[in-house]
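Sequences are here, hints too, so could you generate the full structure?
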Amino acid sequence: MKLRTKQYQNRIELLQGTLDMLILQTLQWGPRHGYGIVQALRTESSEVLQVETGSLYPALHRLERQGWIRAEWKQTESNQRGRFYRITASGKKQLASDHNRWERMVAAIGSVMRARPEEGEA
Amino acid sequence: MKHIWPFAFGRRRNELQEEIESHLRMAAADRVASGESEQVARREALREFGNVPLVQDITRYSWGWAWLEQLVQDFRFAVRQMRRYPTFAVTVIGTLGLGIAATAAMFTVVEHVMLNPVSYKNPDRIIAITERANGQDSGRSLVPWLDIRQWKSRDHSFQSVAFWGRMSGRNYLEENTSAVQVDGIRVSSNLFPTLGVNPSIGRGFLPLPPSFAADENSGTIVLSYPVWQAEFSGERNVLGRSVTIDNTSYTVIGVMPRGFAFPRGDAEAAQVWIPVQLGKEDQTRTLVAMKYEAIARLRKGQTMASARTEMQAIQTAIAPEYTNLRTRSEHSSVALERYSDTIASPNLRRALLALLGASAVLWLIASFNATNLFLARSAMRQRELALRGALGASRARVARQMIVESIAFSGAAAGIGVAAAMVSLRLLAHSLQTRLPIPIPAKPDTLIILVLIALTLLSALGCGAWPILQVMRTPIEPVLKQGGFQVGTGRGQHRARSLLVALEMAFSLTLLVACGLLMRTIYSLRHVPLGFQIDHVIVANLNIPSFRFADRNMTQVLYEPLVDRVRQLHGVEAAGLMSEVPLGKTFATEITLRMNGTSTPAYLKAVSPGMQDVFGFKMAAGRFFDTQDTANSQSAVVVNEAFARLFSPDTHNPEAIVGRKLFSSSRDSKSSDSTVVIGVMKDERQQEVAEPARPEIDICIPQITPSSMFYQSAEGIAMDLAVRTDQPAAEMIPELRDALRQSSPELANATITKMDQIVQDSYGDQRFTAHLLEIFGGSALFLSIAGLYGLLSYIVAQRRREIGVRIALGAARRDLLWLILSQAGRMLVVGLSVGLGLAFLSSRLVRSYLYGVTVHDTWTFAGSAVLLFVAGMLAAYVPALRATRVDPMESLRAE
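Protein sequences, first through last, are from chains A and B.
The numbering used here numbers the first residue of the first sequence as 75 and each following residue consecutively.
The numbering used here numbers the first residue of the second sequence as 71 and each following residue consecutively.
Because the hints were derived from the structure by calculation, they are not lab data.
Note that the structure is a prediction, hence the values are computed from the model and not measured.
Some hints could be false.
Simulated DEER-style distance windows between Cβ atoms [stated by the list, open to error]:
(1) Gly91(A) x Asn186(B): 54 to 62 Å
(2) Ala170(A) x Gly120(B): 26 to 34 Å
(3) Gly304(B) x Arg139(A): 51 to 59 Å
Backbone N, C-alpha and C fix where the C-beta goes; we use that ideal spot for every residue, glycine too.
Dropping the structure here:
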């Protein structure tokens, strides 16, 4: 019990709306299945980001419906059947715009957080 | 959209499952690779993944049609429920189906006869115009051309005014060698544009004004679809071909579209249309004037009321042109009616509406019954529902499921109901055809489907809503705590269900009373003395192809040889001809006689002497025609008592008319030959069994020659051949057909019926209504009794423990019997009292069909109530008996 709590504290819950962008980003590097995406996100974030499967799969299916990714059944390296997702052209466009928005947001939040209160206000 | 339809559910769901499975396998494989044992790896992977079904569910929601899936689930659940309780399902679906079938069938009839009888463009703007006496609602007169011309030049209400009449006699259309009987209609050239229908082949008539001289429309003809099919086998290359009707030849210039008919809505009728050619009978308003039916299309923006006012004013202005005072008064006013309203008589409309009402009542009873069944079941299911609530099903979800369920039930009922309705319409086709002005197709159309959907939803709502409310209101906890089936149905519910049963009884009683009144009417009709014998008589109704006998004496070349030939047939005891047999309703000729200062219309019939032996007509005075009456002897007529009463020189002695001269026997005005009355026949029923005899004059067929006064109308149009035989009809009819074919090939198609069938058919309207009411009333009786039985059985089953305790405490079985029966009795008494009131109010709806019985006939009312009460008590007796047989030990042990 204790272990799990600690583990949990080391991880950061994903911000609302960033999951789609992250999935698209991992798929930029090549087609992956659901488990692969979880692993990729974990390693790339140095074990910080943990995607709940309960969010991942709905997100994948949602993105597929949007036409941003496409799925097909393929053999994995370990010779198992897996459902691989591949990013589409419109997905790339979406990723670019998401990324752009994300950066502006980070910049904006950053500038807010760095700002010092005006002197004499207190 | 790749996945639109629910049948993709299964595949997608499997795919998702497989995807998750592969996720788990890979995760486990990774863990094994890092040294965990396979079991631990699998378990840990699962744990890490989380709640698999939940992930599946959430993912499926993201597909966006979860609600649809749930709906499908609910439907599947409903179907499973139906399978699990087949008796319940069959009872509910059968009950509702019966109600829906009756209503759907009646509505189909009403729709075709009253709502949508014609297939013209904007039919509610097409107006039939007739003339009538000022301030009188009955007695319409047709219109002479001079009046129509005045209307056309003065009115502002109508886009166009068209007119039409029939060609005289029976019309046979010949093309090369074949001949078919057709309805020949003379129409003004603007008739089709007025109706808003164009020919499907050809141009139709040119829009020329009616003229007295021949014009480009003269000698042209437009065929109806059935005639085109029959004569030209649907060949498109028909324009310009020539056909002959009554020895006049016409050039085909058009074919009307399939389904078009004018006049009236019978799309199967073999009609042809030729242009009206005005003649000298159109230049006068006297008695010899040609009269037409007028039909007009209302201009846009004009209403019936404004048109009526305007036409009234016009007619008042032109009425003085009638020189004869009596004719002037008959034409002093106009009557405007929607053409589609003229197709069903007011009597028929009333009857149809009454029957539609009756079927709706049956549907109500059925719905009440279904509601009762649902209520009973929801009480049984209370525990199940409470359990589901405890497991987290929201009440909305449970309620939705029940709604879906009741919709599934009523949907199934609607399917069965509409099928049953169409089958019964097909089965009833014969009696419908003789009773209704147009045929009823046994297939549902858009409007009927819409009504059905409405009925279905109403049924579902009706029988679903109450149980659902009950469920929504019931708290979960106490139900779970108490357990068992017998909880949670309070007195309120009993009272509600008893009320429903009582109402069912009330409605059933109204139907039974109406049915009883009609049955008494039929009984009275059957016991009316007809004035002739109907057993062992076969009648062939002939349409005379007079074109074959032009310029020949039909008496000699057609009728006498035909009768002789038929008399020779084996088993024929007597044979004769009559232009219309009594109650035949095929072709009636009326003449108006002025004698002794009175003038009255009288039926004119041509009869051969053999007819007395066929029908056994009785004489009040004098003799019937016999072999002495020939073309060379004194022209003789036989009249009936009704005629003699009016025209006898001695009012106290009608028989004194024998020997009197009536009218000139020859068309030649110089001839002084006169007909003489040789006998007075006892009155017989002529058109309707319920109608007393009207004056009648019979002339003798052997005496009729082409120069006789009524040659054309008496012999040239229709004739009935009647045969008295001891042979069965099935053997006699083919022989008769052979004999007819030998006389003229067209006659082989004659309608041949047994006389008792003709009499049966003449009860038609009453019989038709009575039959339907018997079906409705019987079903209502059955349903309401079943409802009562069901409720009492349920109550007994529910009160089993209580009854057991009572028995254990010493209650006499008789008391228990009484307990249940009195409960039934209360329901019945309440139901029957309400029902008697309803019946008192509603029975006047069938008034116009009653004969020999009053609208509020005590015996019928009392009889129906007693019938219902006795049936109800019998139905209550079974569950009551069951209550007395409850084993007290069983109940006590259970406590």
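Okay, the hints, checked on the actual structure:
At about 58 Å, the CB distance of Gly91(A) to Asn186(B) agrees with the hint of 54 to 62 Å. Ala170(A) and Gly120(B) have their C-beta atoms about 32 Å apart, which keeps the hinted 26 to 34 Å range intact. The beta-carbon spacing between Gly304(B) and Arg139(A), approximately 54 Å, falls within the hinted interval of 51 to 59 Å.
Of the numbered hints listed earlier, not one is contradicted by the structure.
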